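Peer 1: Please construct the entire structure, taking both the sequences and the accompanying hints into account.
Residue numbers (my numbering), protein chains in the order written: chain A, 1 to 658; chain B, 1 to 207; chain C, 1 to 246.
Some clues are possibly wrong.
To be verified - Cut-off 25 Å, straight-line C-alpha distance, at most; resulting in silico cross-link-like pairs (SDA-like, lysine to any residue):
#1 C:Lys2 <-> A:Ile407
#2 C:Lys79 <-> B:Glu70
#3 A:Lys276 <-> A:Ile407
Unchecked claim - If you anchor each label on the Cβ, the simulated ranges turn out as follows:
#4 A:Ala28 <-> B:Ala173: 35 to 41 Å
#5 C:Pro77 <-> B:Asp28: 56 to 62 Å
#6 A:Gln117 <-> C:Pro77: 49 to 55 Å
#7 C:Asp207 <-> A:Gly348: 25 to 31 Å
#8 C:His90 <-> B:Arg77: 33 to 39 Å
#9 C:Pro77 <-> A:His528: 30 to 36 Å
#10 C:Glu204 <-> B:Arg76: 20 to 26 Å
#11 C:Glu148 <-> A:Asp391: 17 to 23 Å
#12 A:Asp391 <-> B:Tyr110: 24 to 30 Å
#13 B:Ile184 <-> A:Tyr413: 34 to 40 Å
#14 C:Pro146 <-> A:Gly490: 56 to 62 Å
Stated by the list, open to error - Interface residues of chain C toward chain A, partial, derived using beta-carbon atoms under 8 Å:
#15 Ile24
#16 Glu28
#17 Gly48
#18 Arg59
#19 Pro77
#20 Thr81
#21 Val110
#22 Ser118
#23 Phe154
#24 Met188
Treat the hints as calculated values from the structure; they're not laboratory data. Predicted model only: the values in this text are computed from it and were never measured. Ideal Cβ placement from N, Cα and C applies to all residues, glycine included.
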Amino acid sequence: MADSKSTADTVEPDENLLFTVGDPLQDAKAPEGPIEKRWEERRFKGKIVNPANKRKRSVIVVGTGLAGGSASATLGEAGYQVTAFCYQDSPRRAHSVAAQGGINAAKNYRNDGDSVQRLFYDTVKGGDYRSRESNVHRLAEVSVQIIDQCVAQGVPFARDYGGLLDTRSFGGVQVSRTFYARGQTGQQLLIGAYQALERQIAAGTVKMNTRHEMLEVIVSGGRARGVVVRDMITGEIETHLADAVVLASGGYGNVYFLSTNAMGCNVTATWRAHRKGALFANPCYTQIHPTCIPVSGDHQSKLTLMSESLRNDGRVWVPKAKGDDRSPETIPEDERDYYLERIYPSFGNLVPRDIASRAAKNVCDEGRGVGPGGRGVYLDFSDAIQRLGRDAVEAKYGNLFEMYDRITGEDPYTKPMRIYPAVHYTMGGLWVDYDLQSSIPGLFVIGEANFSDHGANRLGASALMQGLADGYFVLPNTIGSYLAEAPYEGTDPKDVDEAVTAVKERISTFLSINGDRSPDSFHRELGHIMWEYCGMERTDEGLRKAISEIRSLRDEFWKRLKVTGASEELNQTLEKAGRVADFFELAELMCIDALHREESCGGHFRAEHQTEDGEALRDDENFAYVGAWEFTGTGTQPVLHKEALDYEYVHMTQRSYK
Amino acid sequence: MAVTGIVFLLFLVAHAFGNLKVFYGRADYNTYAAWLRTMGSPAIPHRLALTILEIVLVLCVLLHIGSAVELALRARRARPIGYAGGRPKQSYASRTMRVGAILVVLFVIYHLLDLTFRVANPKGIAGDPYDNVVADFSNPFVTIFYVVCLIVIGLHIRHGVWSALQTLGRSNARRERSINIFAIAFSVVLIAAFLAVPFGVVIGVVH
Amino acid sequence: MKLTIRVWRQKNEADKGRLAEYPIDGIEPDMSFLEMMDLLNEELIGKGEDPVAFDHDCREGICGMCSMAIDGVPHGPEKATTTCQLYMRHFKDGDTITVEPWRAAAFPVVKDLVVDRSAFDRIIQSGGYVSAPTGSAPEAGSTPIPHEDASKAFDAATCIGCGACVAACPNASAMLFTAAKVTHLGLMPQGQPERYQRVTAMVEQMDAEGFGGCTNTGVCHTVCPKGIPLETIGRMNGDILKALRP
Numbered sequence: 001m002a003d004s005k006s007t008a009d010t011v012e013p014d015e016n017l018l019f020t021v022g023d024p025l026q027d028a029k030a031p032e033g034p035i036e037k038r039w040e041e042r043r044f045k046g047k048i049v050n051p052a053n054k055r056k057r058s059v060i061v062v063g064t065g066l067a068g069g070s071a072s073a074t075l076g077e078a079g080y081q082v083t084a085f086c087y088q089d090s091p092r093r094a095h096s097v098a099a100q101g102g103i104n105a106a107k108n109y110r111n112d113g114d115s116v117q118r119l120f121y122d123t124v125k126g127g128d129y130r131s132r133e134s135n136v137h138r139l140a141e142v143s144v145q146i147i148d149q150c151v152a153q154g155v156p157f158a159r160d161y162g163g164l165l166d167t168r169s170f171g172g173v174q175v176s177r178t179f180y181a182r183g184q185t186g187q188q189l190l191i192g193a194y195q196a197l198e199r200q201i202a203a204g205t206v207k208m209n210t211r212h213e214m215l216e217v218i219v220s221g222g223r224a225r226g227v228v229v230r231d232m233i234t235g236e237i238e239t240h241l242a243d244a245v246v247l248a249s250g251g252y253g254n255v256y257f258l259s260t261n262a263m264g265c266n267v268t269a270t271w272r273a274h275r276k277g278a279l280f281a282n283p284c285y286t287q288i289h290p291t292c293i294p295v296s297g298d299h300q301s302k303l304t305l306m307s308e309s310l311r312n313d314g315r316v317w318v319p320k321a322k323g324d325d326r327s328p329e330t331i332p333e334d335e336r337d338y339y340l341e342r343i344y345p346s347f348g349n350l351v352p353r354d355i356a357s358r359a360a361k362n363v364c365d366e367g368r369g370v371g372p373g374g375r376g377v378y379l380d381f382s383d384a385i386q387r388l389g390r391d392a393v394e395a396k397y398g399n400l401f402e403m404y405d406r407i408t409g410e411d412p413y414t415k416p417m418r419i420y421p422a423v424h425y426t427m428g429g430l431w432v433d434y435d436l437q438s439s440i441p442g443l444f445v446i447g448e449a450n451f452s453d454h455g456a457n458r459l460g461a462s463a464l465m466q467g468l469a470d471g472y473f474v475l476p477n478t479i480g481s482y483l484a485e486a487p488y489e490g491t492d493p494k495d496v497d498e499a500v501t502a503v504k505e506r507i508s509t510f511l512s513i514n515g516d517r518s519p520d521s522f523h524r525e526l527g528h529i530m531w532e533y534c535g536m537e538r539t540d541e542g543l544r545k546a547i548s549e550i551r552s553l554r555d556e557f558w559k560r561l562k563v564t565g566a567s568e569e570l571n572q573t574l575e576k577a578g579r580v581a582d583f584f585e586l587a588e589l590m591c592i593d594a595l596h597r598e599e600s601c602g603g604h605f606r607a608e609h610q611t612e613d614g615e616a617l618r619d620d621e622n623f624a625y626v627g628a629w630e631f632t633g634t635g636t637q638p639v640l641h642k643e644a645l646d647y648e649y650v651h652m653t654q655r656s657y658k
Numbered sequence: 001m002a003v004t005g006i007v008f009l010l011f012l013v014a015h016a017f018g019n020l021k022v023f024y025g026r027a028d029y030n031t032y033a034a035w036l037r038t039m040g041s042p043a044i045p046h047r048l049a050l051t052i053l054e055i056v057l058v059l060c061v062l063l064h065i066g067s068a069v070e071l072a073l074r075a076r077r078a079r080p081i082g083y084a085g086g087r088p089k090q091s092y093a094s095r096t097m098r099v100g101a102i103l104v105v106l107f108v109i110y111h112l113l114d115l116t117f118r119v120a121n122p123k124g125i126a127g128d129p130y131d132n133v134v135a136d137f138s139n140p141f142v143t144i145f146y147v148v149c150l151i152v153i154g155l156h157i158r159h160g161v162w163s164a165l166q167t168l169g170r171s172n173a174r175r176e177r178s179i180n181i182f183a184i185a186f187s188v189v190l191i192a193a194f195l196a197v198p199f200g201v202v203i204g205v206v207h
Numbered sequence: 001m002k003l004t005i006r007v008w009r010q011k012n013e014a015d016k017g018r019l020a021e022y023p024i025d026g027i028e029p030d031m032s033f034l035e036m037m038d039l040l041n042e043e044l045i046g047k048g049e050d051p052v053a054f055d056h057d058c059r060e061g062i063c064g065m066c067s068m069a070i071d072g073v074p075h076g077p078e079k080a081t082t083t084c085q086l087y088m089r090h091f092k093d094g095d096t097i098t099v100e101p102w103r104a105a106a107f108p109v110v111k112d113l114v115v116d117r118s119a120f121d122r123i124i125q126s127g128g129y130v131s132a133p134t135g136s137a138p139e140a141g142s143t144p145i146p147h148e149d150a151s152k153a154f155d156a157a158t159c160i161g162c163g164a165c166v167a168a169c170p171n172a173s174a175m176l177f178t179a180a181k182v183t184h185l186g187l188m189p190q191g192q193p194e195r196y197q198r199v200t201a202m203v204e205q206m207d208a209e210g211f212g213g214c215t216n217t218g219v220c221h222t223v224c225p226k227g228i229p230l231e232t233i234g235r236m237n238g239d240i241l242k243a244l245r246p
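Peer 2: Written as structure tokens, this is what we have:
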């Protein structure tokens, strides 16, 4: 794909000049040759740092979830000097911990026709043909090693009665390749990586800094050479320098305020890098998960995901009549609309995530939603209970029912659950090449923080796979090529000072505005705008409205923000202010990206671009590219660089689930 | 604590068996008491076996109390500031281990002064423990004190048995329930055996 | 609902700290305990006062960050529930609720309700892992593990490292936390080569951190949001004894 021509030059820049189009972009590291040989070839051609020199090379890793934790541990084992940072009080708490479903791997233990080739194919198709073939193929190859690695660490995967590894099937695929540890696969994998990391900390190869937040990248001589961090307990601003910097800081779903992300998840690390020159790719690709517990009121701080497996036995419905507020069990059968079964007779309740989510939004927009604020649909198990018996349902979903009951105070055995879609994952992120290096030399980006493998939509159980692939196997190999060339010229103290000063000035600005609104109140309002106009369904008009609302709210933020306390102490309001400030800038870019992408694909649905049946309508002619954005300043037009996507192995088709 | 605790339990079982001899009448009981001193005679010197037993018990007491004090001090160091808002639910037996232990120590001292050294006994006749016992439990205050202390010891044993088996790694999920049932049954039966004596005196079976 | 919240306020580790009382109105039964705290903080910020610092992150009961003793009980009155999943419907209008940080010398208070739990990380560093450098792993399917062992190992491995066990234990002991890791790895074949040196090192580290001794009260298990079984302690004690044998 390195020499492919850009097909999208025909699209005119926006008339209101929300952005400009720059030079096309190419992945200079993109390997060639047969796809199944590319990763091997890349590893062979990459330079290697000799073991004695590894001790002299240092790497900074920001974020210690699945990607960052596994990368830190592996780099430490290799002998590099690693300095790692996380904002939590322990690496074991990163939000990877919350992943429920499982992790995909092309082991073919079931003899059901699975292979690296099939996982590759499923992932490219699932990503709606907006990901790179080479990267996805590598991911599929490495998936097999991940399971081996995790089992060797003692991860207690589910086993069948013969003691062998159990697998299950997951949305969007026809084979059983998802390895799991009950509903806590993310937790178990993270703890595996965490333990490997702690082992390296004890061995002295990794220096771990918990409760530290990265606030700036130090770029000197055109290379990423370090970070500025704030010690969240003392408030001290520290600088750390190294030969390379790795960002593993996760996704930015919290721009919506309400999401399934942890409260602390933020875009600051990647956004700061973006401001320093790293391109941000496909920010508008957002995954919305259809089965979450609905919002119960204005006080809500967080949304909780319910496993998608519930849709196997639950039936989704709303009342046929608008504003029908009768208790669900009193609504007779013929006054219920099982809308998924009605619209999608062959897949019924099991349609993919984006379709299920949008359908729920549509019925609620029609005024037929249920529960507080009318933003919810029923997920009814009464048929399943009648058919299978309460015990069988309990055995299958007992813990999920319990969780639902705990949160809502309603018993799903007697009253249908209420569910509603929620933001869950962001496919976009910093642009990286095949080596996972961003457009700033020496700055590598792994896990959800980069954009690389999922295209416009991520398949279930693939996030854990990608995080660990990047951290255990890809980055530790590719970063060697960069470090083999080190040491690079010394860091210019002026560049360090500049970064530190910028951080300190920003903090003192936050503290000095002294307005009357908390960071949280702005964040909530920003989230509303994003959810309304840049959520499940986007329109030209809505996105333009969002951009103008975001801009005026951002102005208000810088005038009316109130941050109590001081910088030289644990100050959670100050932390929050910095994160919200960055979300404001990201939000605008997301809307611009969504506005420019005049097609519907995966996690990006433009109402103007749908089939007659209301399905996503891709425009491969004009939009089969990665949209990588260059920062030019707050409020000034970002520059779009297009990386054309070529499909040599998988043929593009339109999805259909009818 | 677990090992010394088990030594006490073995001792208490033997003690209880000996006590129950009181129901065979004065002669049997006093003969048994005398035998304790002549155990192994003539092969081993007079009172040697009993003295060894006493030394072992005293050592165990010192170790048991020593460990308990250390644990309590560690607990205090480990939590210099307590909670103002309340406390989580905890079984009565485990909650009263330390307070109960103080009562147990006082009781043992009194018990030795009463029936071993006979200075606190209303009669205090050497060589006639039977009479001394009857004299004790003819006094309702002494009886009540004994009963209360025995119940406290029972609670101490109830938690102690479970705790010792857990500490010695004898417990697992499958056995946990049985161990707890055993701990309760053991302490109830043992304390019932001890309570039988004062009860016998009170109802007049032993007189 | 109207409530009175008595919260521990402490500026930093050196500060003595005190309980402060705040009346709070407009509590909905559907709010989580932390959302109630959010509301309190919004009010405090509005008044220009320093909001109450507390640890929280995932708010779905799995990260182990939240750590509040509610009326003296870590994570509050509901069984197998973290603070973030405790809802206000379990409280009554007019209640006074006391909120304190985890109390243990090994978990010094950083600020208000935030404590330093790095002692747990150091216990893991001392041996709570399997030495399996990346790349060295054998084929995953080559070692079958009996279903029951894997399942019991999982039960122990669900520990979220929140520290409620220590906070609740009358001795402030870290036995349940340590035992959960020892049991998890001790039940897996991959954990066997380091099994006995692991338990020795971890227990030594646990003692060195200043946690109290275990007296088998079982309170740790009662408050544990993940219900880590008490048997893990029995199993660890068994391993300690075996490790002591020459």
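Peer 1: State for each hint whether it applies.
Peer 2: Comparing the hints with the structure gives:
no.: 1; hint: C:Lys2 <-> A:Ile407; result: holds, 21 Å
no.: 2; hint: C:Lys79 <-> B:Glu70; result: violated, 32 Å
no.: 3; hint: A:Lys276 <-> A:Ile407; result: violated, 42 Å
no.: 4; hint: A:Ala28 <-> B:Ala173: 35 to 41 Å; result: violated, 58 Å
no.: 5; hint: C:Pro77 <-> B:Asp28: 56 to 62 Å; result: holds, 57 Å
no.: 6; hint: A:Gln117 <-> C:Pro77: 49 to 55 Å; result: holds, 54 Å
no.: 7; hint: C:Asp207 <-> A:Gly348: 25 to 31 Å; result: violated, 58 Å
no.: 8; hint: C:His90 <-> B:Arg77: 33 to 39 Å; result: holds, 34 Å
no.: 9; hint: C:Pro77 <-> A:His528: 30 to 36 Å; result: holds, 34 Å
no.: 10; hint: C:Glu204 <-> B:Arg76: 20 to 26 Å; result: holds, 22 Å
no.: 11; hint: C:Glu148 <-> A:Asp391: 17 to 23 Å; result: holds, 22 Å
no.: 12; hint: A:Asp391 <-> B:Tyr110: 24 to 30 Å; result: violated, 59 Å
no.: 13; hint: B:Ile184 <-> A:Tyr413: 34 to 40 Å; result: holds, 36 Å
no.: 14; hint: C:Pro146 <-> A:Gly490: 56 to 62 Å; result: holds, 58 Å
no.: 15; hint: Ile24; result: violated, 12 Å
no.: 16; hint: Glu28; result: holds, 6 Å
no.: 17; hint: Gly48; result: holds, 6 Å
no.: 18; hint: Arg59; result: holds, 4 Å
no.: 19; hint: Pro77; result: violated, 13 Å
no.: 20; hint: Thr81; result: holds, 7 Å
no.: 21; hint: Val110; result: holds, 6 Å
no.: 22; hint: Ser118; result: holds, 7 Å
no.: 23; hint: Phe154; result: holds, 4 Å
no.: 24; hint: Met188; result: holds, 4 Å
The earlier numbered hints that this structure contradicts are 2, 3, 4, 7, 12, 15, 19.
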